[in-house]
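Enquirer: So the sequence lines, in the order shown, correspond to chains G and E. For the first sequence, the numbering used here assigns the number 675 to the last residue and increments by one with no breaks. For the second sequence, the numbering used here assigns the number 360 to the last residue and increments by one with no breaks.
Where hints are given, some of them may not hold.
[To be verified] Output of the computed footprint for chain G on chain E, the stretches with three or more beta carbons under 8 Å from beta carbons of chain G:
#, region
1, 89–97
2, 203–211
3, 220–226
4, 297–306
5, 316–327
It should be emphasised that the hints constitute simulated quantities derived from the structure, not laboratory data. Values in this document were obtained by computation on a predicted structure and should not be read as measured data. No residue lacks a Cβ here, since even glycine has one placed at the ideal position from N, Cα and C.
The chain contents come next:
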Amino acid sequence: MSALRLPIAGHIASMTLALVFLTVTLTLYSPLQLWVMLLALCAVLVRMALYAGWYNRAPSSRTINLLALLSGVTLAWFSTDLGLLLSMINLLAMACSLKLMLMTRRKDFLQLFASTLFLIGCGFIFSQSLVNTVMYLALLAVLLLALTALFSPGRSLTRQARSLAVSSAQALPIAIILFLLLPHLSPLWKMPTAKSSTTGLAESVTPGDIANLSQSDELVFNATFDSPLPMRQERYWRAITLEHFDGRTWSVSPTRKQIRNQYQLLNREFEPAASGRAFTYQVIAEATGQRWLYAIDIAQVTDQGRGNEIWQGADYQLIARRPLMSKMAYDVKSYPDVQLNQTLLTLDSRLNLQLPVKGNPATQRWVSQLRQRYPGDAAFIQQLLGYFVQEGFRYTLSPDPMPLNPVDAFLFDKQAGFCTHYASAMAYSLRLAGIPARIVTGYHGGEPIQENVLSVRQYDAHAWVEAIIDDRGWVRFDPTSVVSPARVSFGLQQALEENGDTLNSPFDGLYSMPLFGSVRLFLANTDYLWSRWVLGFDADMQQNLLQKLLGELTPRKLLLFFLAVVGGLALLLASYFLPRWQPNTRPEHYQVIDRAEQLLTKHTGIKRVNQPLHAYQQTLTPHLSPASCHALKTLVQDFEHIEYAGKAFSKARLKAMKRARRDLTKALRSSS
Amino acid sequence: MTLRAHWQARTLRWLQQRIPPSRHYSLNLKSVFIFPSWFGWGYLLMCGCLFILGTNYQNNLMLLLCYFLLALMLITLFTSYQNFARLTIRATPVKPVYAGEPAMLALMVRTDADEKPVHGQIEVTWWQQPAPLTVDLDSHPPHFSLPYVTQTRGIIKLPRVTISSLFPLGLYRCWTHLDFQQTLTVYPRPIPCQVTLYPEDDEGSDTSSEQPGHDDFYALRGYQVGEPLQRIAWKNIAKGGDWVSKTFSQPQRQTGCLRMSGGEPVETALGKLAFQVIALSEQGAYFGLHLGHIKVPLGSGDAHKHQCLCALARFPGLGAVP
């Protein structure tokens, strides 16, 4: 059976499969290598040629084996760069392309079908947006249609599509019930992650870097607040703390990493004490391929399930145990008024007075002069910030490059830059003056898309400075806010407009149009709901749902509930398939006649047995009362009229028929 | 008896009770078997992979896709069965053939106008035989013939017919083994030879005699007006001779009996007898058949021919015949 050969030319099912495969490959443009996509394209072109009958022989398996060897070696060569996950997906796509050229038997078709289905599943690793999901669903539908076309080639496509739609509609409720009620397991084992799919902030910042992010309006996270939204000035979402400076680039301190690893081994997590005013919210972070999470200081992770998956670092940042390969939701409580002085400040000071060995001599001279004039920390910082204002520093997304001694160039030459320039210059100056300081990167602001939901996008990326000021511990300074108050009060867009600068996007004009604005907000909102309720549905939400349905969860109750669900599913299936529950598709006048026939058979004991209606009527006449006879006669006449005279008057006739049938029942009853 | 043969016999006995023989079948819960096909198992395996991937990446969409595919498989279990169980199938009696020729079992799938039609392709084959006949019920007229290859003469009880369908998604294989109660008569393969009729009582003497006909040239005689032109011996006229016409001889339509000739293997002798029966029937001869204790009385016509050939088919042979 498996050796069954497929027709080649004009075989719609295999052509459809080839086209779906090509489309899926195109949607996977980010994980797939260009040459793999080209191979897929070639395979589909071969299929097209075969389909159209331009040529009749599929390429010989020797050719394909040679090609497979070549592709395999190429892929093996690239695989070290790609990492395991991407290599596997490339391998699958490659193998499918080769198989597609060779597809001559039904077995090949089915293997390709399963592989393409799996590729669609893999597509969800790389994008889970609503648009993508809809597109993949459409592809899935076409793919299934190709499969039905394989097994009932003689049926018209519309009929196939209709019965497939019915089956899918029947399957959907079952799938949703399974999704809602089957336990959501935590990952069974660690999966390889894609190397190239990291987005957003990086572990090191060279001034100018974040400017690239500002071009992107990609969503970073949504935060749903139980409390009122924090003020705009308070929305500093910490992601990464950078404590090492080499004169150009700020990066995560190696010492800090070591300490963190040791603490993780000992399982001694930093648990800051906090009380007072707090924001309670849930963050739904988009997949970044990185481990940084976002929260307002001082954050405490509140949900139980996630607690084990999130580590609180001694630099107040939240770190996920696993890279974010898909959306991740976590509940946080933030205490904005609590001081950040609960860590070992001596250690923090030592780490954050580190200076690069050489470079930026002008800054060094300038700071030592300033420090002599202002020995008090507060006064010194005041002067430092004042310097940015007095000298007329400019906020711009496209600063000139500063390759040599970047801090010198920025402070005394160009005097125009972006948040990282300001933060870098200020933190460096503070360190030169003997004040422990570091850079924090993260996001600032966020757009309210609902009353209680903030949506933070890549262009909200920001960098600011923290310094240890006596026993208050770490205090936040934002030099950018001094230069461009609008950046902090109103956001990037506003700040750039004030400076006569724009984001380099062709859609700038559109953002200001009210209609486009509301559409954008609507889309953002839909996306948020999608993320929150579909993508973010996890074990906790499942438990909440069950608790809402059942009250307190006891094993006994759960058992009964699951039995009830199984019973419910059985009932659902019965309603789909038990014939008694199916709508009667027999025309109505036949139904009336059938009923009459049953009555007559029961009353007279004479069966119709394939007799024409007229003959049956005649057979019965001697056994019936005159009233019944009359009723039967009208019934038969009306039936014949509807059956043979067309539909013109059938409604009135049908009514008459029903009346006659009732008369017949009465007459039969009275005569007996 | 090998284990395999033993098992097969058991299965057949069981089938005999579960699906009793009949000329006409409407499939039902008892006669339909359903099980995931190889592809169905592969599909389940793929769903398992999707589940693992979805769980490990905590990817709800992948999980939803996996559950949807599983639910679709569950639904297909029922649609697949429902479609197949609507099949009503009827066999018309199979016609006898000569050994070596394929017998055709004509099957008819009834499609009632009232009921929903059966969709998809069905594969029809003999019990445990490869190489099925594929019939597309959507486009094909609802009759088709299943060839049965015959090798030796005899009366053969046709095996069960296996009908299977993968409709709609190929995830399940629905199948049934039907016994249409057909017995096939396989006549011996005719072997060309001389027709030899023996007198009915007297054994041994050749009673064939000549009679005017048109097969073998016999003699020349004077032409008479009205005789067919092709009978005229033109060569003779061209030489300046008289008008003469050729006469031909034909074995006389005569009564007699066919007997088995001795000194030959039984099958060869039967083959020759079959040839003679056919030849005599074509001539419309009036003949009988004596095969040891089996005697077919004198007669002619198709029914008689069939009777004679049946007798030949039934003749106890040297092991090859059941």
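Enquirer: Would you mind marking each hint as holding or not holding in the structure?
Expert: Hint by hint, here is what the structure shows:
1. 89–97: As far as the region 89–97 of chain E goes, the hint holds, because 8 residues have Cβ atoms under 8 Å from chain G.
2. 203–211: holds (count 5)
3. 220–226: Since three or more residues must qualify, the claim that chain G covers the region 220–226 of chain E is violated, with 0 doing so at under 8 Å.
4. 297–306: This one is violated; 0 residues, fewer than the three required, reach chain G with a Cβ under 8 Å.
5. 316–327: violated (count 0)
Hints 3, 4 and 5 from the earlier list are contradicted by this structure; the remaining hints agree with it.
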